[in-house]
Amino acid sequence: MTLASEVTFGELEELLGAAGVEGEMRTFPTLTDQLTVVVGEYPQGVDYTFIVPDPAAPDSATLHSVIAKDLDHTC
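1 is the number of the first residue of the sequence shown in this note's numbering; add one for each residue after it.
One thing to keep in mind: the hints can contain errors.
Stated by the list, open to error - Pairwise CB distance ranges, derived in the manner of DEER restraints:
hint : residue 1 : residue 2 : range
1    : 20        : 53        : 24 to 32 angstroms
2    : 6         : 47        : 15 to 23 angstroms
3    : 51        : 15        : 26 to 34 angstroms
4    : 19        : 59        : 14 to 22 angstroms
5    : 67        : 22        : 17 to 25 angstroms
If you're looking for bench data, these hints aren't it; they were derived computationally from the structure.
Glycine is no exception: its CB is placed at the ideal position from the N, C-alpha and C atoms.
Take the sequences, apply the hints, and build the full model.
So, in structure tokens, the structure goes:
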């Protein structure tokens with residue numbers, strides 16, 4: 001999968017859907033300006049975090065960070 005340098009939440013959803021990959025969207029009550037899409041099962045997975053300038057339009061949220069996790073990941 002190839003992504004442009006500025007990716008929106010809507011674009012990622014479309015790419016994952018086309019690849020037949022499901023992601024779980026997570027939001028956090030104290031962080032209303034971001035959402036995270038988790039792809040894969042814990043402890044292996046990839047977290048895509050987006051900045052949401054307008055909660056009414058999450059598809060336009062832009063990608064902020066990507067964190068790949070594996071069995072050896074510790075925080």
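Original post:
Between residue 20 and residue 53, does the C-beta distance stay in 24 to 32 angstroms?
Top reply: Holds - the Cβ-Cβ distance for residue 20 and residue 53, about 30 angstroms, lies within 24 to 32 angstroms.
Original post:
Okay, residue 6 versus residue 47 on CB: inside 15 to 23 angstroms?
Top reply: 18 angstroms, holds
Original post:
Does the Cβ-Cβ separation between residue 19 and residue 59 fall within 14 to 22 angstroms?
Top reply: 18 angstroms, holds
Original post:
Regarding residue 67 and residue 22, is the given constraint of 17 to 25 angstroms on their beta-carbon distance met?
Top reply: Given about 18 angstroms between the Cβ atoms, the range holds.
Original post:
Does the hinted range 26 to 34 angstroms hold for residue 51 and residue 15 at CB?
Top reply: 19 angstroms, violated
Of the numbered hints listed earlier, the single one contradicted by the structure is hint 3.
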